[in-house]
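**Student:** Given the coordinates of chain A, work out where chain B should sit on it, guided by the hints.
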Amino acid sequence: MLPQYLDRENEVTKSDLIEAIAKQQSHLPSRDVELAVKCILEQMSQALASGERIEIRGFGSFSLHYRPPRTGRNPKTGESVALSGKYVPHFKPGKELRERVNSNAGREIQTDSK
Amino acid sequence: MALTKAEMAEQLFDELGLNKREAKEMVEMFFEKIKGSLEEGGQVKLSGFGNFDLREKKQRPGRNPKTGEEIPISARRVVTFRPGQKLKARVEAYVGRE
Chain A
128 MLPQYLDREN
138 EVTKSDLIEA
148 IAKQQSHLPS
158 RDVELAVKCI
168 LEQMSQALAS
178 GERIEIRGFG
188 SFSLHYRPPR
198 TGRNPKTGES
208 VALSGKYVPH
218 FKPGKELRER
228 VNSNAGREIQ
238 TDSK
Chain B
-13 MALTKAEMAE
-3 QLFDELGLNK
7 REAKEMVEMF
17 FEKIKGSLEE
27 GGQVKLSGFG
37 NFDLREKKQR
47 PGRNPKTGEE
57 IPISARRVVT
67 FRPGQKLKAR
77 VEAYVGRE
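Same order as they appear, the protein sequences are chains A and B. For reference, each letter of the first sequence is one residue, going 128 to 241 in the working numbering. For reference, each letter of the second sequence is one residue, going -13 to 84 in the working numbering.
Quick caveat, the hints were computed from the structure, so don't treat them as lab data. The model shown is predicted, which means the values in this text are computed figures rather than measured ones. Incorrect hints may appear among the rest.
Said to hold, decoys possible - Simulated pairs of lysine-lysine, DSBU-like, Cα-Cα distance not exceeding 30 Å: (1) B:Lys74 <-> A:Lys219; (2) A:Lys141 <-> B:Lys(-9); (3) A:Lys165 <-> B:Lys72; (4) B:Lys44 <-> A:Lys150; (5) B:Lys72 <-> B:Lys52; (6) A:Lys141 <-> B:Lys6; (7) A:Lys213 <-> B:Lys6.
As the list claims (entries may be wrong) - Computed far set for chain B versus chain A, every beta-carbon distance over 10 Å: (8) Pro47; (9) Pro51; (10) Glu56.
We treat Cβ as the ideally placed atom computed from N, Cα and C, and that holds for glycine.
Bound-form chain A, shown alone (with noise of 0.2 Å):
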């Protein structure tokens, strides 16, 4: 696979922030960086799947937001169902990454042509 800085702009996936991180710790091999951020993701997504909520200072805290039940519609056939309560994942920028975030406002941003 071609490194991926270069043949998507302005896209970061987990791979890229694999080799990021691999540039920066040369010390380790590569597969430990990959293994350790598959771990952290897991022990996040763990988290919250448990209803523990995540806070990392700087960055942002993640939560459960419920959603109460409704009454839903299929689209293709117009029929209601009932959809029950549930829970959904909500994050909330902490004050440093809302602030470098705001500092580049008005530049370009790409957003996705999907």
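**Tutor:** Coordinates of chain B only, in the frame set by chain A:
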């Protein structure tokens, strides 16, 4: 209890055998790279977890909640998180404590 960087590093130490310093650096770098990418205007896509997107907000009217005074909220760029299918499905299965 909330999951924190310290616990994440502890897990890297236990599970992957990184030393404590490496584990701490790894967690630090992970979040720093995401922040850096977003700061530079790049969307971050973490498959299985979710995407961090950027949105430009226009100026809108606001109010100082203490004084009631009207002050415009300036135009800004904000980060939003869109959980992926896999994370949504895992979280939905949580029944809650209520």
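**Student:** Hint by hint, note whether the structure agrees.
**Tutor:** Hint-by-hint comparison with the structure:
The straight-line distance between the Cα atoms of Lys74 of chain B and Lys219 of chain A is roughly 17 Å, inside the 30 Å bound, and the hint therefore holds. Taking the CA atoms of Lys141 of chain A and Lys(-9) of chain B, the gap is near 19 Å; set against the 30 Å cutoff, the hint holds. This hinted pair checks out: Lys165 of chain A and Lys72 of chain B have alpha carbons roughly 14 Å apart, not beyond 30 Å. This hinted pair does not check out: Lys44 of chain B and Lys150 of chain A have alpha carbons roughly 38 Å apart, beyond 30 Å.
A hinted pair counts as satisfied when its Cα atoms are at most 30 Å apart, and Lys72 of chain B with Lys52 of chain B does not qualify at roughly 42 Å. Taking the CA atoms of Lys141 of chain A and Lys6 of chain B, the gap is near 23 Å; set against the 30 Å cutoff, the hint holds. Distance restraint check for Lys213 of chain A and Lys6 of chain B: the Cα-Cα separation of roughly 38 Å exceeds the 30 Å cut-off, and the hinted pair is therefore not satisfied. Its beta-carbon lying about 19 Å from the closest one in chain A, Pro47 of chain B satisfies the requirement of being farther than 10 Å from that chain.
Listed as a non-interface residue, Pro51 of chain B keeps its Cβ farther than 10 Å from every Cβ of chain A; the least gap is roughly 18 Å. Distance check for Glu56 of chain B against chain A: the nearest CB is about 22 Å away, which clears 10 Å, and the non-interface claim stands.
Violated hints, in rising order: 4, 5 and 7; the structure is consistent with all others.
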